[in-house]
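First to last, the sequence lines map onto chains A and B. If you read the first sequence in this note's numbering, its first letter stands for residue 1, the second for the next number, and so on. If you read the second sequence in this note's numbering, its first letter stands for residue 1001, the second for the next number, and so on.
A portion of the hints provided could be inaccurate.
Said to hold, decoys possible - Straight-line Cα separation of at most 27 Å, BS3-like style, residue types lysine-lysine; simulated pairs:
{"#": "1", "chain 1": "A", "residue 1": "Lys375", "chain 2": "B", "residue 2": "Lys1017"}
{"#": "2", "chain 1": "B", "residue 1": "Lys1208", "chain 2": "A", "residue 2": "Lys259"}
{"#": "3", "chain 1": "B", "residue 1": "Lys1240", "chain 2": "A", "residue 2": "Lys369"}
{"#": "4", "chain 1": "A", "residue 1": "Lys280", "chain 2": "A", "residue 2": "Lys344"}
{"#": "5", "chain 1": "A", "residue 1": "Lys369", "chain 2": "B", "residue 2": "Lys1072"}
To be verified - Examples of chain A residues lying across from chain B (beta carbon under 7 Å, computed):
{"#": "6", "residue": "Arg19"}
{"#": "7", "residue": "Ser60"}
{"#": "8", "residue": "Gly61"}
{"#": "9", "residue": "Gly109"}
{"#": "10", "residue": "Leu309"}
{"#": "11", "residue": "Thr368"}
{"#": "12", "residue": "Lys375"}
{"#": "13", "residue": "Ser397"}
{"#": "14", "residue": "Arg398"}
{"#": "15", "residue": "Ser400"}
FYI, nobody ran anything at the bench for these hints, they're computed from the structure. For clarity, every value in this text was computed on a predicted model and none was experimentally measured. Where a beta carbon is used, it is the ideal one built from N, C-alpha and C, also for glycine.
What follows is each chain in one-letter form.
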Amino acid sequence: MQTTSPSEFSGWGNNFQSRSHRVEVASISALQALLTNTADDRGFLPIGLHRSYGDSALNSGGTLIDLSALNSISIDPSTGVAVVGAGVTITQLERAALPLSLFPPVVPGTGFVTMGGAIAADIHGKSHHRTGTFSACVRRIKLLLASGAVVDYTPKDAEFWATVGGLGLTGAVLEVELQLKSVTSNSADVSERRVNNLSEMIDVLASADADFEHTVAWIDLSGDYRGRGVVSLGNYGATSVKAKSSDSAGPTLPSIAGKNFITPLSVRAFNEIWFRKPLKNGPVALGKYMHPLDGINQWNNIYGSAGFLQYQFVIDIGKEEIFERLFAGLRSLKAASFLGVLKKFGAQSPAPLSFPRAGWTLTLDYSTKVPGLEKFLQEFDEELVAAGGRIYLIKDSRVSPALISAMYPEINSWREIRRTMDPDGSWQSDQARRLHLC
Amino acid sequence: MAIRSSQEAALMLNGFKNPGRIALIGGSSEIGMAIVTQLPENKSRQVILVDRSGEYALDVTDKAGRERVISKLFDEGDLDLVIIAVGLLGNNKDLSTADNLVAAMEVNYVGTAHLLELVADRMKKQAHGEILAISSFAQVRPRPDNFRYGSTKAGLDFYARGLALALDGTGVSLKILRPGFVRSKMTAGMDNAPFAITVQECGAYGVKALQSRKLVTWAPSLLKYVAFIFRSLPPAIFRKISSR
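Isolated chain B, as found in the complex:
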């Protein structure tokens, strides 16, 4: 669908609960785009991409920049849906330098949580809207091969769950998508983990998350039970299987 300028007609949430004006923060996110393109059709929908360049250019690690872009988005009109799909991935090989670790923390936790805070504040003023935050299976339990990445998602997940509770009764709802391993450009070159899904499948779960009453949606769904087992394994056994 065309990304139109902010002056053209954008339909606010209509009687079919079909979101009109949408912002995708992390405009080049494959998962983000997969969600947006699988939403129910709406001819009047306006999708605003917030990315490193363009009219709404944003460096997620820039605090003042985050404040400026979110203000601009909401000053131009009500937003029905904001999807936050920015993130730096790395299994621990990539995050082995202190700099890479800090960069991941700044994008995945600090930047993302701050964006959620800013978006929630403005959405509360309009008293309607939906937010989708993208967490990860990696935050379930630290493993030696991805605890650094997992920690950034754990911080974000905790924050998002708290924010969802704080938004009760404000007319604004927040949902969390927890994907497992998704085959995409971001994971290219990595070994497939079990229960891997494609970007399109992950997008479909994202749409499901928005239409569900549940706070958390796993992608794929059975990861919910995998997570339970994962969390429950005694430490001795967990160490054995995760050191492979």
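Next comes chain A alone, as it looks inside the complex:
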């Protein structure tokens, strides 16, 4: 077991810097020993690959526990049930499953998420309207509690649903058992459509859900903000395609003197090109289709040392006028985002802190240096809550704690269950302290 002296960590958005000890744990007994032998006011937090954008995977003054050594994968080809260690990534699971004509039914936009992280965030993907979140395919979670006890929880247990979406605050996920789905090839059949404004985009997405397993839209958040973009629709395909089989990733985007390349002008230029790029129609390798940005390592460096934040929220069907108000505000701030994503969600999972629920979800990225953005988002949060919406905590870095119980009305029952699982408050994170989650 390796202990390092405190070093600085940050979330994917590079907008928080937080100093913690980091411990790499090779075995369950080593982790049990760590928990029982170390008294630490600032607590422990299991972490994965730091793909959360804000402070969900940070613990200032405390200890971060890296469980990447728990990386075993075992798949039963006849039933499609996989038992995987908490440190296994989505991409690793995909690559182990595909040769057996299997695939995880729910994957997020990046494959660089561990099983533990997938549970902690109750991640969702382009298939949410059909499959629900990651937890929908999970049959069992093996969890290490603060007491050192190792317990298996299933969907019959309240503790299972407290851990799903529970941001690592109920215990350390050690192992996950999940049901993979059968696929006939390693490709997706993709069909892309260009749309000229928001209402066209909404119409296409709303009708496509009936015919397509995977639906999502890239939306141009720049210039006149009329909501033009490219809708991507996909189904599991029947044709095999050539795909990357090794873990050696593509080029790494370096941080160039910490400079931020995202300006309203560069974004408008990029968005113009992206809007007009040739539309894909045909088979695409599943890995590439599910995780388009993973081809460039550390793409977040394009924002430089200033960092950026991601804002993702969900709003009921029928409340679409809130987009007009949001776009009007962002237009007046002259803010520009190259990563705008719109999708229609299906029903929510039973987990009290799980983010997705039926409605429209919009995701946007902005540099933290946009003047007036902080105040605008604070005001928009209140409008969002008044309209019954909520934001995704794994992306958050600045929401007010006063709005949390309106956004997650079951948080008090979550807190009660969490307290029974961790009475001494051993699991802590910067986000939990900031938002008074525990």
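Chain B: place on chain A using the hints.
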């Protein structure tokens, strides 16, 4: 902004680096309040005033009291920013009695340095946070008309500079504001010195100090060059100009 009770929502430093939970030690300090009110807006900010009375009552000369209040502040939750703005001013007329001199030393140096020590210790445990100490132009070089006051600030300034170095790599940063003459209740009745500024202007410099990478911020900025000249004057000339 409202000073809320410690149980209500207080936002820890957020992704915009905007401090949430703040303590102003020296709650009735005009400069302190001028800094706090000019920080970038944050709807969830909680400002705790530590003053002679109230929930966090503190007599700065009471050692056990200092320990108790700082513990209470940090036990209730992480602090993003602590501003230490306590101080007794006196040009030497007011500090001419031994008692007044000792009182000034106990507040401006002993009490303040001890508070900085206590705050730094707790902030290091949370591994994040900012501290602002308020020094003075008076500590640049002793003059016959304010050397007693100046000495208390010189001790504090030296301590704060050392503490800032010791905090390297801990996630905690300390900044020093060195105001010149500030027109306020504290200096009411005194003659205006050159380069005098208002309380609001001083507050703005305080905010600038927090956002700057520099350890020391002078208020106004050109005092930095005035100080250099001040320090460099040969003794014979210095005696002549300071005995006016």
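Of all the hints given earlier, name the ones this structure violates by number, lowest first.
Numbers 3, 5, 9, in rising order.
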